[in-house]
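Asker: The primary structure of each chain is shown beneath.
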Amino acid sequence: GAVVSQHPSWVICKSGTSVKIECRSLDFQATTMFWYRQFPKQSLMLMATSNEGSKATYEQGVEKDKFLINHASLTLSTLTVTSAHPEDSSFYICSGMGGASGRGETQYFGPGTRLLVL
Amino acid sequence: LAKTTQPISMDSYEGQEVNITCSHNNIATNDYITWYQQFPSQGPRFIIQGYKTKVTNEVASLFIPADRKSSTLSLPRVSLSDTAVYYCLVGDGRNDYKLSFGAGTTVTVRA
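Protein chains in written order, with my numbering: chain A, 1 to 118; chain B, 1 to 111.
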């Protein structure tokens, strides 16, 4: 149980184009989803938190107009990298968190999406 | 967010038990402790979660002392495939359960 998928698993795009990454919770309802970015040899950095049906909350330094997040349903969140540039090339990972289980809120992570901007 | 401190790296051999200790001195009353494993180019995989005392599942055990200022992840009889980065995290219930990833512990298992 607690499976999260991401699509696509990797994407190459030209500078200036937009890329959409989907994150789906397959066997649970994710009331909250998180988006992270990970550069090579570094740890995960939280970009934003999104709750179903409401606007995402972005971490300091993350441009909300550049990284558009939509959490339209309890099983789907999307991250759109707008006007991508080479410095946006990274590994993007989402996680989903369901309702309170009485054992603490646990995040379950997707497999990640590798983005390369040329 | 509660900060955690863990060793940067650990080496082990196949069949040995690996224990990774994590410090979280400013853990709050409602916070849970969660450990994840990450392989290169993959998302973190949930290993175990606990609040206090000891928790055991099919892959690991988590020991948490009474003061909860530290925790120890125990991996029994590791194999080469356990080579990965292990993250200790404290979920902050007051802050949407956001997780702040540190550098993690790189565990290398040798034959």
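Rather than coming from a laboratory, the hints here were simulated on the basis of the structure.
There could be a bad hint or two in this list.
Stated by the list, open to error - Residues of chain A clear of chain B, computed beta-carbon distances all greater than 12 Å:
#, residue
1, ALA2
2, GLY16
3, VAL19
4, PRO40
5, LYS41
6, GLN42
7, MET45
8, LEU46
9, GLU59
10, ASP65
11, PHE67
12, SER73
13, THR80
14, ILE93
15, GLU105
16, ARG114
Stated by the list, open to error - Calculated pairs, DSS-like style, for lysine-lysine (alpha carbon to alpha carbon, straight line, at most 27 Å):
#, chain 1, residue 1, chain 2, residue 2
17, B, LYS3, B, LYS52
18, B, LYS54, A, LYS41
19, B, LYS98, B, LYS69
20, B, LYS69, A, LYS64
21, A, LYS20, B, LYS52
22, A, LYS14, A, LYS64
23, A, LYS20, A, LYS55
24, A, LYS55, A, LYS66
25, B, LYS52, A, LYS64
26, B, LYS98, B, LYS3
27, A, LYS41, A, LYS66
28, B, LYS69, A, LYS55
29, A, LYS41, B, LYS98
30, B, LYS54, A, LYS66
31, A, LYS41, A, LYS64
32, B, LYS54, B, LYS3
33, B, LYS54, B, LYS98
Said to hold, decoys possible - Short, incomplete list of chain A residues facing chain B, as computed with Cβ under 7 Å:
#, residue
34, CYS13
35, SER15
36, THR17
37, GLY61
38, PRO86
39, LEU116
Where a beta carbon is used, it is the ideal one built from N, C-alpha and C, also for glycine.
Asker: It remains to establish, for every hint, whether it holds in the given structure.
Answerer: Here is how each hint holds up against the structure:
The beta carbon of ALA2 (chain A) sits about 7 Å from the closest Cβ of chain B, which is not more than 12 Å, so the claim that it is off the interface is violated. Annotated as non-interface, GLY16 (chain A) keeps its C-beta farther than 12 Å from every C-beta of chain B; the closest such distance is 26 Å. For VAL19 (chain A), the condition that its CB be more than 12 Å from all CB atoms of chain B holds, with the nearest at approximately 18 Å. Non-interface status of PRO40 (chain A) relative to chain B is broken: a Cβ of that chain comes within 12 Å, the nearest being about 9 Å off.
Listed as outside the interface, LYS41 (chain A) is inconsistent with that label: its C-beta sits roughly 10 Å from the nearest C-beta of chain B, within the 12 Å cut-off. For GLN42 (chain A), the requirement that its beta carbon stay farther than 12 Å from each beta carbon of chain B is not met, with the minimum near 8 Å. Not every Cβ of chain B is farther than 12 Å from the Cβ of MET45 (chain A); the closest lies at roughly 7 Å, contradicting the non-interface assignment. Interface exclusion of LEU46 (chain A) from chain B breaks down, the closest Cβ pair being 6 Å apart, not more than 12 Å.
A cut-off of 12 Å between C-beta atoms contradicts the statement that GLU59 (chain A) is not in contact with chain B; the least separation is 9 Å. Consistency note on ASP65 (chain A): stated as away from chain B, and its beta-carbon is indeed over 12 Å from all of that chain's, at 22 Å minimum. Its beta-carbon lying about 16 Å from the closest one in chain B, PHE67 (chain A) satisfies the requirement of being farther than 12 Å from that chain. At roughly 19 Å, the least C-beta separation between SER73 (chain A) and chain B is larger than 12 Å, which holds for a residue marked as non-interface.
Against the 12 Å criterion, THR80 (chain A) stays outside the reach of chain B, whose nearest CB is about 19 Å from its own CB. The Cβ of ILE93 (chain A) does not lie farther than 12 Å from every Cβ of chain B; its closest approach is about 5 Å, which violates its non-interface assignment. With a cut of 12 Å on Cβ distances, GLU105 (chain A) falls inside the contact zone with chain B, its closest approach being about 4 Å. With a minimum CB-CB distance of about 7 Å to chain B, ARG114 (chain A) fails to clear the 12 Å threshold, and the non-interface call is violated.
The suggested pairing of LYS3 (chain B) with LYS52 (chain B) holds, with an alpha-carbon distance near 18 Å, which does not exceed 27 Å. Restraint check for LYS54 (chain B) and LYS41 (chain A): the C-alpha separation of about 32 Å exceeds 27 Å, so the hint is violated. The hinted pair formed by LYS98 (chain B) and LYS69 (chain B) meets the criterion: a straight-line CA distance of about 19 Å does not exceed 27 Å. Taking the CA atoms of LYS69 (chain B) and LYS64 (chain A), the gap is about 36 Å. The hint is violated against a cut of 27 Å.
Among the hinted pairs, LYS20 (chain A) with LYS52 (chain B) is inconsistent with the structure: their alpha-carbon atoms are about 41 Å apart, more than 27 Å. Restraint check for LYS14 (chain A) and LYS64 (chain A): the C-alpha separation of about 21 Å stays at or below 27 Å, so the hint holds. Pair hint LYS20 (chain A) plus LYS55 (chain A) holds up; C-alpha atoms about 17 Å apart against a cutoff of 27 Å. With a CA separation close to 14 Å, the supplied pair LYS55 (chain A) and LYS66 (chain A) stays within the 27 Å bound.
Note on LYS52 (chain B) and LYS64 (chain A): the hinted pairing is violated, with a Cα-Cα distance of about 38 Å set against a maximum of 27 Å. Distance hint between LYS98 (chain B) and LYS3 (chain B) is fulfilled; the C-alpha atoms sit about 12 Å from each other, no more than 27 Å. With a CA separation close to 24 Å, the supplied pair LYS41 (chain A) and LYS66 (chain A) stays within the 27 Å bound. This hinted pair does not check out: LYS69 (chain B) and LYS55 (chain A) have alpha carbons roughly 35 Å apart, beyond 27 Å.
Only pairs whose Cα atoms come within 27 Å are accepted, and LYS41 (chain A) paired with LYS98 (chain B) is accepted, the gap being roughly 22 Å. With a C-alpha separation of about 44 Å, the suggested pairing of LYS54 (chain B) with LYS66 (chain A) is violated against the 27 Å cut-off. The hinted pair formed by LYS41 (chain A) and LYS64 (chain A) meets the criterion: a straight-line CA distance of about 25 Å does not exceed 27 Å. A C-alpha spacing of about 21 Å is found between LYS54 (chain B) and LYS3 (chain B), which places the hinted pair at or below 27 Å, so the restraint holds.
With a C-alpha separation of about 24 Å, the suggested pair LYS54 (chain B) and LYS98 (chain B) falls inside the 27 Å cut-off, and the hint holds. For CYS13 (chain A), the suggested interface contact is broken, since its CB lies about 19 Å from the closest CB of chain B, more than 7 Å. Given the 7 Å rule on beta carbons, the hint for SER15 (chain A) is violated: about 23 Å separates it from the nearest Cβ of chain B. A least Cβ separation of about 23 Å between THR17 (chain A) and chain B goes past the 7 Å threshold, and the interface hint is therefore violated.
Using the Cβ-Cβ criterion of 7 Å, the hint placing GLY61 (chain A) at the interface with chain B is not satisfied: the shortest such distance is roughly 14 Å. Hint status for PRO86 (chain A): violated, given a least beta-carbon distance of 19 Å to chain B, over 7 Å. Hint status for LEU116 (chain A): violated, given a least beta-carbon distance of 13 Å to chain B, over 7 Å.
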